[in-house]
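Enquirer: Each chain is listed here by its residues.
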Amino acid sequence: MTEFLQQLINGISLGSIYALIALGYTMVYGVLRFINFAHSDVFMLGAFVGYYAVRKWGIPAGGVAGGLLVLCLAMSICALIGILIERLAYRPLRGRPTLSVLITAIGVSLLLQNLGQSIFGANPKAFPRLFPEANLHLGQLSITSNQLLVIAVSLILLVALHFIVHRTKTGTAMRALSFNATASSLVGINNDRIISFTFGLGSALAGAGGILYAMNYPSIDPLMGTMPGLKAFVAAVLGGVGSLPGAALGGLLIGLIETFVAGTGWSTYRDAVAFAILILILLLRPAGLLGKSRSDKV
Amino acid sequence: MLPRSQIVLLISLATAGFISAFSSRIDDYILDVVLGIGINIILAVSLNLINGFTGQFSLGHAGFMAVGAYAAGTLTTGPGKAWIAASGISPAVLFPFVLLAGGLAAAVVGLAVGAPSLRLKGDYLAIVTLGFGEIIKVILQNIESLGGSRGMVGIPSYTTFFWSFGAAAITIYAAWALVNSTLGCGFLAVADDEIAAEAMGLNTTRYKIIAFVTGAFFAGIAGGLYAHLKGYISPAGFDFNRSIEIVIMVILGGMGRHVGVVIAAVLLTVLSEKLRDFGDKRMIVYSALLILLMLARPQGLFTWKSARKAIAG
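Which chain is which? The protein sequence lines are D and S, in order. To convert, note that position 284 of the first sequence is 284 in this note's numbering; the numbers rise steadily by one, no gaps. To convert, note that position 230 of the second sequence is 230 in this note's numbering; the numbers rise steadily by one, no gaps.
Misleading hints may appear alongside valid ones.
Far from chain S, some chain D residues (derived; all Cβ distances over 10 Å) [claimed, not checked]:
#, residue
1, F4
2, W57
3, S76
4, R96
5, S100
6, L111
7, Q117
8, I151
9, A152
10, I164
11, A181
12, V187
13, S196
14, G263
15, A272
16, R285
Residues from chain D that face chain S, not an exhaustive set, calculated with beta carbons under 10 Å [said to hold, decoys possible]:
#, residue
17, I12
18, I35
19, F37
20, I106
21, L112
22, N190
23, D271
24, A276
25, P286
Chain S is faced by these chain D residues, among others (derived, beta-carbon under 8 Å) [to be verified]:
#, residue
26, A89
27, L99
28, L102
29, G107
30, L110
31, S118
32, I279
Simulated from the structure, these hints should not be mistaken for lab results. Just so you know, even glycine gets a beta-carbon here, dropped at the ideal spot from N, CA and C.
Chain S on its own, in the form it takes in the complex (with noise of 0.2 Å):
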């Protein structure tokens, strides 16, 4: 008998693949949306790792994103395409490995970044991560051979609701498995009190590395499920608002919780869906309601329980 959390996992990956072969009678804008969900559940989920349980302030999560949408496009569209239609397999077979390849690219350089950042804390860490993901813009920007500023085009549309839920759904489990491990324990006490986690033994740097690296990746693999759902990606898609877009589904859910934070991702993508028309508008109400959210509401809308210290105070 299998544990229920892995239970759990293998219902939600085989009821993502039962919704998905119906997936083509359902309108296609309202599935845009639905899949565009299922790759913001898991972007919150992982920066949930990093801000949330780690406690540590990253505001740079879209650079993540458009490494792995850059090397999964590139693997589909750009000089893998060639390869892949050589080597004779359906690129449907193929298309876990692509998002695994821009994965693993995200969590490489989720590692280079990390490991001299880490170091740092609080509102150092979050300038140098905004930096970095500047950093990975401009470089994106100046390399000719991936389209440059123009972007890269005709990425085939590979995303299906099972790969997009059945992602989410792994990535959810992977973070909670995480976190109830003993890992996830030298997660929270790095979270609760740094100097405290030092005094007892706990090599810090370590833990926010692994927090960091694990959610690059899975920001890595939502920007290949981004890019083949879009068929499209340009740097500037990538920039510091959709950074803060996640964040604030972190924070609305509260950090260091699953479940709340899963209900804002889910929330948010549909209201900026809704607030689509009003443009500028939407971002004031955002911006409007992370100000009122961290004056009234610190611990995140989603909370019941009482929230934890190192984020309520």
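Excised from the complex, chain D in its bound form (with noise of 0.2 Å):
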């Protein structure tokens, strides 16, 4: 039972992480309808932007301020850059068949990749203390400050998304974009700022989970991102892509599934589970389990 439950906590802390990306997947899906394979490395990123706060440019860390604050720096960097990636590579697109896009987006995602490698260097590195860390026990449990971080910023996180997405001017004009874009434009919104927005949104949330995955296994490399990248996908596509609850759910499921597969003696096919899922869920649920099947119109 006690290892039931550490399980448990494991899971849903490293769920909360994939949820924050698949998030980002999900949302630039339900704007433009295709896959950015370069979200994961903003997720890199993300990290590495931690790294340097911290190590190159004196921002003191181990206390709550300073990790807040580097936090909140990892975010806004990412999200420049998620808006800059749109700008020069996808925007030029707009309009061409979906394979242009998704391979530009492969691009992308191996250009960052590389150049990731040859400016920070292949080799892992120590991420740095963020923020004040201590164990809790409880019982047999024993609990990481940093797990219950993770938890709790992913909450926060989510909340605000909720309140951005359906509170907010711009964000009843991305739903209405990713409802229809023709029609929305013709109302008077602009498209553009609209894509450059949830590119900026879902990459923040990106950068957010970079830095709070690095705290869980402080050691980050330029190619860190592609395993959770995909799982993330695979718990947007779990979750129902285009749909934020959807998202996060899948995010929550597709950790416990693999803190559970990785707990038991199967722990070497862990990477092999999430695509197992996908393709499950796939075959069987297409829409996701909270999206809703669309058919296509000729």
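Both chains are given apart, each in its own frame, so use the hints to dock them into the complex.
Expert: What follows is the structure, given as structure tokens:
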């Protein structure tokens, strides 16, 4: 039982990071209908911003204020990078076939990874301690403060996102755009600006995810984004691409399943599990758990 | 009198055999690169069947290559070695059958992968094939009898100039013949407009699966050749980056173009060798190339006639 609860907490903590990344995939898919492969590398950049902020730019970390400052910095820089990527690589392709955009996205992803390897170096780096750390013991359960922090920060960001999407004018425009792009521009919404905003928002969440991930797995390298990115994508599909609550739910589920699989004797297959889930969900319920199925209009 | 295409095939095979007879005079390093070109041509042309002509985006081609490499390697190095020795037939004679077995193994896996996933479209298919490629890698890493993540060593080097380029010629011929057949019309219809093709009564899934399985088959053969060229294979050698290299060859050459893709395969193999000393800079160049190509010339570098609509939009 203790073992079960322990894995449950580990799983929720990992799952909330996947949820943050998955939201970015889902939002971009909502407005542009394509998978932003480069999203996982923005996640990686988030972790590196944290590393450089503490090691090179001299932001004092270890306290709550310093940690939050680094988190905000990573989110804003990632948001800028996301907007820049959209502006330079994706916007010129607006209206082209999805395949061209998809290939470009793969190109951007590879470019970021390899630029990262040549600028940051390919060797893993030790991620600095951002927040004060402590171990809580509840009976035989051992919870680190980082795990709790990850869950808390994710929750706050999820609530904030929900507020932005459902209670602000820009959020309403985002939803209108994802519902019908032509109609939204007809009613005076500046689609390009909303798409930029969506990329910024998604990338900020990915940046936060990168920081939180690096806090729990403090060894970062330029290729670190690939696996969490793919799993978060699976999470987005599991929850139903385009659905924000779906992405959050999918992220949690993937995190839990992965942690429980790793806890059994199948730990070497932990990376394969997410893909097996993806294939199953696409075959059994392609719209995802919370998504609505759409049919193609001819 | 044979059709012209078959005459071209026979001439290519004869040329490959002729050059092969003198291959001992070629510098070892250059020969290695040249044989690699043949293998990459097979990979690019076979992926072009899937990505180019049929318009399905597969990102797991290296996975099928791995299956072929491991299947063929098992026959000549693993358990099959004793059996081959006992049969008394010269290994060189058996080699084409070994390659064929590798190809068939990859085709079977291709069928298992393709049958469920080809019902999906566009970017979903890309992710699923990517996932399958990773799963194949993880499974290979966990099979200890195949060397696990350490890989398989001591594979005899049976791959000669003849086999590498002979197989490449056959692949090009097969792809060409397939695309120009009734089946090929189905491929193009699926690539151009899947919904319209379906409305015309075509079983689109069937065409996609045929293209996919054929592509996997030839990727398996390329894997067998690769294993018997390098003498060493490991699951890590068939990762996502390998798949991407093949994808770049197809895109650079122009999706759905035979000649362009072959040129791109040759160029990129040579370029990779030239840029080997630069390590990760090589991939920076590749990825920047990919983005610029999509922005400026989505129909590929070596496409002179107007590009097909499905790709250029």
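Enquirer: Hints first: check each against the structure and report whether it holds.
Expert: Against the structure, the hints:
1. Every CB of chain S lies more than 10 Å from the CB of F4/D, the least distance being 26 Å, so the non-interface label holds.
2. Its beta-carbon lying about 25 Å from the closest one in chain S, W57/D satisfies the requirement of being farther than 10 Å from that chain.
3. With a closest Cβ-Cβ approach of about 25 Å to chain S, S76/D is found to remain outside the 10 Å limit, as its non-interface label requires.
4. Not every CB of chain S lies more than 10 Å from the CB of R96/D, the least distance being 5 Å, so the non-interface label is violated.
5. The beta carbon of S100/D is not kept farther than 10 Å from every beta carbon of chain S, the shortest such distance being approximately 5 Å.
6. Separation of L111/D from chain S is inadequate, the least Cβ-Cβ distance of about 4 Å not exceeding the 10 Å criterion.
7. Its closest Cβ contact with chain S, about 4 Å, brings Q117/D to no more than 10 Å, contrary to its assignment away from the interface.
8. No Cβ of chain S approaches the Cβ of I151/D within 10 Å, the least distance being about 28 Å, so the stated non-interface status holds.
9. Distance check for A152/D against chain S: the nearest CB is about 31 Å away, which clears 10 Å, and the non-interface claim stands.
10. Against chain S, the non-interface label of I164/D holds: every CB pair exceeds 10 Å, the least being about 26 Å.
11. Every Cβ of chain S is farther than 10 Å from the Cβ of A181/D; the closest lies at roughly 17 Å, confirming the non-interface assignment.
12. V187/D, annotated as away from the interface, keeps every beta carbon of chain S farther than 10 Å; the closest lies near 27 Å.
13. Against chain S, the non-interface label of S196/D holds: every CB pair exceeds 10 Å, the least being about 18 Å.
14. With a least beta-carbon separation of about 17 Å from chain S, G263/D lies farther than 10 Å from that chain, consistent with its non-interface assignment.
15. Not every beta carbon of chain S lies more than 10 Å from that of A272/D, the smallest distance being close to 4 Å; the non-interface claim is violated.
16. With a minimum CB-CB distance of about 13 Å to chain S, R285/D clears the 10 Å threshold, and the non-interface call stands.
17. Because the closest C-beta pair between I12/D and chain S is about 24 Å apart, greater than 10 Å, the hint is violated.
18. Interface hint status for I35/D: upheld, as the beta-carbon distance to the closest one in chain S is roughly 4 Å, under 10 Å.
19. Hint on F37/D holds. Least Cβ distance to chain S is approximately 9 Å, under the 10 Å limit.
20. The interface hint given for I106/D holds, since its Cβ lies 7 Å from the closest Cβ of chain S, which is under the 10 Å cut-off.
21. Here the hint on L112/D is kept, as its CB sits about 8 Å from the closest CB of chain S, short of 10 Å.
22. Given the 10 Å rule on beta carbons, the hint for N190/D is violated: about 23 Å separates it from the nearest Cβ of chain S.
23. Hint status for D271/D: holds, given a least beta-carbon distance of 6 Å to chain S, under 10 Å.
24. About 7 Å separates the beta-carbon of A276/D from the nearest beta-carbon of chain S, less than 10 Å, and the hint is met.
25. The restraint placing P286/D at the interface with chain S holds, with a minimum CB-CB distance near 7 Å, inside the 10 Å limit.
26. Proximity of A89/D to chain S holds as hinted, the smallest CB-CB distance being about 6 Å (cut-off 8 Å).
27. Taken as an interface hint, L99/D checks out: its beta carbon lies about 6 Å from the nearest beta carbon of chain S, inside 8 Å.
28. With its C-beta approaching chain S no nearer than about 5 Å, L102/D sits inside the 8 Å limit, and its interface hint holds.
29. The restraint placing G107/D at the interface with chain S holds, with a minimum CB-CB distance near 3 Å, inside the 8 Å limit.
30. For L110/D, the suggested interface contact is upheld, since its CB lies about 4 Å from the closest CB of chain S, less than 8 Å.
31. Using the Cβ-Cβ criterion of 8 Å, the hint placing S118/D at the interface with chain S is satisfied: the shortest such distance is roughly 5 Å.
32. For I279/D, the suggested interface contact is upheld, since its CB lies about 6 Å from the closest CB of chain S, less than 8 Å.
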